[in-house]
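Trainee: Going down the list, the sequences are from chains A and B. Note that the numbering used here gives residue 58 to position 58 of the first sequence, counting from 1, and the numbers run on in steps of one. Note that the numbering used here gives residue 62 to position 62 of the second sequence, counting from 1, and the numbers run on in steps of one.
What the hints contain is simulated information worked out from the structure, not anything from laboratory work. Fair warning: there could be bad hints in the mix.
Claimed, not checked - In silico negatives: residues of chain A with every beta carbon more than 12 Å from chain B: (1) 21; (2) 32; (3) 35; (4) 42; (5) 48; (6) 50; (7) 70.
Stated by the list, open to error - With beta-carbon atoms standing in for the labels, derived distance ranges: (8) 16/A / 59/B: 41 to 49 Å; (9) 20/A / 89/B: 46 to 54 Å; (10) 602/B / 29/A: 29 to 37 Å; (11) 54/A / 511/B: 53 to 61 Å; (12) 390/B / 16/A: 54 to 62 Å; (13) 16/A / 395/B: 24 to 32 Å; (14) 16/A / 12/B: 23 to 31 Å; (15) 10/A / 457/B: 29 to 37 Å.
Quick reminder that beta carbons are idealized off the backbone N, C-alpha and C, glycines included.
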Amino acid sequence: MTRNVGHLATCATLGEIPPGTHATLCDHPAGEPLPVRLADLGLVPGTPLQVRRVAPLGGPIEIELRGYRLVLRRADIAGICAVPLRPADGADPRGSALR
Amino acid sequence: MTQAAIAADPSDPLQIALIGSPNSGKTTLFNALTGSRAKVGNYPGVTVERREGWLRRSSRQIRMLDLPGTYSLSGETPDEQVAEHVIHGTQPGESAPDALVIVVDGTTLARGLGLVAQVLVGAPRPTALVVTMIDEVSARGGSLDLPRLSRILGIPVLGVVGNRGVGIDDLRALLADPAAWSVPAILPPGENPRERFTWVDAVCAQIGVDRTQADTRTDRIDRLLLNPLYGTAIFAAVMVLLFQSIFTWAAPAMDAIGQAMGALGDVSAEVLPQGLLTDLWIDGILAGVGGVLVFLPQIVLLFALIHFLEDVGYMARAAFVVDRVMGLVGLQGRCFIALLSSYACAVPGIMAARSIESPRDRLATILVAPFMTCSARLPVYTLLIAAFVPATSVLGLGLQGLVMLGLYLLGALTALASAALLRSTLLRGQISRFYLELPPYRVPTLRLLGSQVWGSAFSFVRRAGTIILAASIVLWILLAFPRIPEDPNLSADQQAQAALEASAGAALGRAIEPLIEPLGFDWRIGVGLIASLAAREVIVATLSQIYAVSDADGFSGLREALISDVNPETGLPTYNLAVALSLLVFFVFALQCTSTIVVMYRETGGLRWPAFAFGYMLLLAYAGSFVTYRVASALLS
Numbered sequence: 001m002t003r004n005v006g007h008l009a010t011c012a013t014l015g016e017i018p019p020g021t022h023a024t025l026c027d028h029p030a031g032e033p034l035p036v037r038l039a040d041l042g043l044v045p046g047t048p049l050q051v052r053r054v055a056p057l058g059g060p061i062e063i064e065l066r067g068y069r070l071v072l073r074r075a076d077i078a079g080i081c082a083v084p085l086r087p088a089d090g091a092d093p094r095g096s097a098l099r
Numbered sequence: 001m002t003q004a005a006i007a008a009d010p011s012d013p014l015q016i017a018l019i020g021s022p023n024s025g026k027t028t029l030f031n032a033l034t035g036s037r038a039k040v041g042n043y044p045g046v047t048v049e050r051r052e053g054w055l056r057r058s059s060r061q062i063r064m065l066d067l068p069g070t071y072s073l074s075g076e077t078p079d080e081q082v083a084e085h086v087i088h089g090t091q092p093g094e095s096a097p098d099a100l101v102i103v104v105d106g107t108t109l110a111r112g113l114g115l116v117a118q119v120l121v122g123a124p125r126p127t128a129l130v131v132t133m134i135d136e137v138s139a140r141g142g143s144l145d146l147p148r149l150s151r152i153l154g155i156p157v158l159g160v161v162g163n164r165g166v167g168i169d170d171l172r173a174l175l176a177d178p179a180a181w182s183v184p185a186i187l188p189p190g191e192n193p194r195e196r197f198t199w200v201d202a203v204c205a206q207i208g209v210d211r212t213q214a215d216t217r218t219d220r221i222d223r224l225l226l227n228p229l230y231g232t233a234i235f236a237a238v239m240v241l242l243f244q245s246i247f248t249w250a251a252p253a254m255d256a257i258g259q260a261m262g263a264l265g266d267v268s269a270e271v272l273p274q275g276l277l278t279d280l281w282i283d284g285i286l287a288g289v290g291g292v293l294v295f296l297p298q299i300v301l302l303f304a305l306i307h308f309l310e311d312v313g314y315m316a317r318a319a320f321v322v323d324r325v326m327g328l329v330g331l332q333g334r335c336f337i338a339l340l341s342s343y344a345c346a347v348p349g350i351m352a353a354r355s356i357e358s359p360r361d362r363l364a365t366i367l368v369a370p371f372m373t374c375s376a377r378l379p380v381y382t383l384l385i386a387a388f389v390p391a392t393s394v395l396g397l398g399l400q401g402l403v404m405l406g407l408y409l410l411g412a413l414t415a416l417a418s419a420a421l422l423r424s425t426l427l428r429g430q431i432s433r434f435y436l437e438l439p440p441y442r443v444p445t446l447r448l449l450g451s452q453v454w455g456s457a458f459s460f461v462r463r464a465g466t467i468i469l470a471a472s473i474v475l476w477i478l479l480a481f482p483r484i485p486e487d488p489n490l491s492a493d494q495q496a497q498a499a500l501e502a503s504a505g506a507a508l509g510r511a512i513e514p515l516i517e518p519l520g521f522d523w524r525i526g527v528g529l530i531a532s533l534a535a536r537e538v539i540v541a542t543l544s545q546i547y548a549v550s551d552a553d554g555f556s557g558l559r560e561a562l563i564s565d566v567n568p569e570t571g572l573p574t575y576n577l578a579v580a581l582s583l584l585v586f587f588v589f590a591l592q593c594t595s596t597i598v599v600m601y602r603e604t605g606g607l608r609w610p611a612f613a614f615g616y617m618l619l620l621a622y623a624g625s626f627v628t629y630r631v632a633s634a635l636l637s
């Protein structure tokens with residue numbers, strides 16, 4: 001399930017983004033708030049990240065952002081959306097969002 | 001920012017707190033500064049309590065506080081709140097620290113500076129920033145402009161490598177005079193996370209955070225270890241290897257200790273004058289404590305492997321892989337880390353549960369942690385398996401090692417099943433959130449590994465010297481009194497047997513014999529079971545004393561004595577495989593450990609839950625032993 005956000009790009013929840021894909025966090029299209037707990041971990045709109053792998057049997061997903069790897073449960077990331085980048089865009093999830 | 005909080009007189013002790021995100025290297029730094037041997041590990045959430053120590057080689061008295069890791073100042077878990085309360089000075093019985101040192105991992109500055117912003121805004125007192133693991137930053141091609149970071153933040157910034165001591169002397173010099181630390185001219189945005197991280201990104205761009213390359217080594221290892229197929233196979237292989245090694249590698253060292261204890265007993269018998277005190281020393285203390293000390297080599301092997309897995313960064317991966325399975329029983333990946341630590345000892349396992357956010361998950365984890373096979377069960381398992389399970393091999397693997405593995409699995413599965421039961425009855429509620437940082441793989445220094453194994457081995461020996469020593473003495477008294485007059489018609493062995501039968505301990509064992517008889521246990525095991533309520537290993541000490549094996553050669557002596565013991569009434573062996581299995585199952589389930597009960601009481605804030613756990617586990621132990629004994633007797637006869 002993907003949603004179109006304006007004219008820019010297509011926004012998807014983290015769980016929908018295939019492993020290996022780079023993406024940039026965006027506001028949730030339906031305005032769902034970002035859990036404060038995750039915002040404290042650096043998951044704020046504009047942050048580049050990479051979805052790295054999904055644990056077997058629909059387990060948690062691993063993402064890399066801000067120079068570290070984070071594991072999140074699917075049920076907890078419903079409110080987190082990101083715009084996947086095409087491979088050519090190749091943004092580095094370790095760098096700063098402002099580059 | 002006020003400087004008034006600082007003690008004006010340089011002779012007054014200063015209090016400085018270390019604060020940082022989990023796994024940022026705070027405790028390593030704390031150990032380097034104070035010379036302590038606090039537990040460190042390469043996974044988030046190792047420090048769950050605040051710890052303190054005096055700064056070494058400093059020009060003035062400085063008390064350092066090591067706080068549990070926290071990602072933010074609005075933490076929700078008990079360990080994060082400790083950090084928050086201490087730095088705000090709202091922790092009961094604790095004055096606010098005079099200065100703060102924020103510790104940030106140099107490879108994760110793009111996240112860590114978020115906490116820096118929060119602390120600068122939230123705690124107006126002298127603050128310095130320590131950037132750790134700068135060796136890893138350069139190994140990954142990076143270079144951080146720390147002087148520039150210091151100018152931007154307006155506070156002192158130092159780069160260190162905690163485990164190699166790089167930069168520690170500079171830090172020590174800095175800590176001596178917090179009053180001289182520069183203070184920020186403008187505070188960063190601390191409240192709104194979005195604004196905070198926009199600021200963080202701007203700072204990172206200026207100090208060259210993006211020059212640090214990806215950690216390709218961790219990527220490569222993860223590709224193998226987190227592979228659903230190979231990863232699981234490797235994990236299983238490591239576990240099987242561990243249990244095989246406990247039986248094979250540790251044996252020579254165990255025999256050596258056993259023989260040394262036996263020799264010490266022989267020498268004592270020759271040198272010391274005959275009398276009660278000599279009996280107490282040889283039959284009470286040497287047999288009891290020595291019988292337990294024999295297992296030190298196994299404990300060292302087990303702890304070495306567990307510490308290695310912790311230091312290298314594997315624990316968090318295991319949590320990631322099994323989170324789904326833990327979800328099925330209503331728990332989450334973090335609970336798994338606590339349960340895995342319980343393989344060493346349930347006490348640190350129960351403490352580790354503090355990093356679990358949901359109170360229900362936390363309580364369920366605390367209640368089932370004692371089912372995990374702790375190192376205190378190892379001597380009991382080893383003794384009974386070595387005595388009664390044939391040393392044959394099945395599919396090329398030793399049967400004894402496989403039975404040991406089976407007991408570990410039984411404990412773990414019971415823990416999970418009990419958690420599922422609790423979460424669907426007493427502790428029903430929503431599945432909690434789960435997030436966990438996967439640290440980079442790091443090769444632990446030999447010194448670190450060595451000091452951790454040393455620490456664990458030392459606490460095992462200390463247990464042997466305190467609780468087990470005390471239990472051994474009490475038992476010896478129970479088994480040696482009341483004295484009976486010597487009968488010249490009896491041989492020495494028969495005389496000893498008669499004295500034992502007449503002892504208070506025997507009366508105690510006989511009193512509960514009707515209760516435990518359905519499990520296949522006689523009064524001697526009964527004495528051991530009562531004694532092992534203090535600590536599980538005590539049953540080995542008890543059996544050593546009952547069979548007075550200090551004059552044989554230690555471990556193998558006790559094993560032989562158990563095998564050859566014959567019930568005088570029936571003429572059949574007292575112990576057979578069915579009895580041994582029944583006893584093993586009893587030890588898998590029962591909560592025989594005062595330390596665990598005490599820590600449960602402390603962590604749950606009352607007697608209710610420890611009493612519940614004790615009753616529940618005893619019931620399970622009784623039922624499990626009963627069924628095992630009946631089934632095994634039927635199958636084996």
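Trainee: Evaluate each hint against the coordinates.
Mentor: Here's how the hints hold up against the structure:
1. At roughly 16 Å from the closest C-beta of chain B, the C-beta of residue 21/A stays outside 12 Å, upholding its exclusion from the interface.
2. In this structure residue 32/A is separated from chain B by more than 12 Å, as the shortest Cβ-Cβ distance comes to about 15 Å.
3. Once the 12 Å rule is applied to beta carbons, residue 35/A is inconsistent with being away from chain B; the minimum gap is 8 Å.
4. At roughly 4 Å, the least C-beta separation between residue 42/A and chain B is not larger than 12 Å, which violates its mark as non-interface.
5. Not every CB of chain B lies more than 12 Å from the CB of residue 48/A, the least distance being 10 Å, so the non-interface label is violated.
6. Once the 12 Å rule is applied to beta carbons, residue 50/A is inconsistent with being away from chain B; the minimum gap is 10 Å.
7. Distance to chain B contradicts residue 70/A as a non-interface residue, since its nearest Cβ pair spans about 6 Å, not more than 12 Å.
8. The supplied range of 41 to 49 Å is broken by residue 16/A and residue 59/B, whose beta-carbon atoms lie about 59 Å from each other.
9. A beta carbon spacing of about 47 Å between residue 20/A and residue 89/B agrees with the range 46 to 54 Å that was offered as a hint.
10. Taken as a hint, the range 29 to 37 Å is violated for the pair residue 602/B and residue 29/A, whose Cβ atoms sit roughly 48 Å apart.
11. Taking 53 to 61 Å as the suggested C-beta distance range, the pair residue 54/A and residue 511/B conforms, at roughly 59 Å.
12. Between residue 390/B and residue 16/A, the C-beta spacing of about 56 Å keeps the proposed range 54 to 62 Å intact.
13. Between residue 16/A and residue 395/B the beta carbon distance is about 45 Å. The supplied range of 24 to 32 Å is therefore violated.
14. Against the hinted window of 23 to 31 Å, the Cβ-Cβ separation of residue 16/A and residue 12/B comes to about 59 Å, which falls outside the hint.
15. Distance hint check for residue 10/A and residue 457/B: the Cβ-Cβ separation is about 58 Å, which falls outside the suggested range of 29 to 37 Å.
Checked against the numbered hints above, the structure breaks hints 3, 4, 5, 6, 7, 8, 10, 13, 14, 15 and satisfies the rest.
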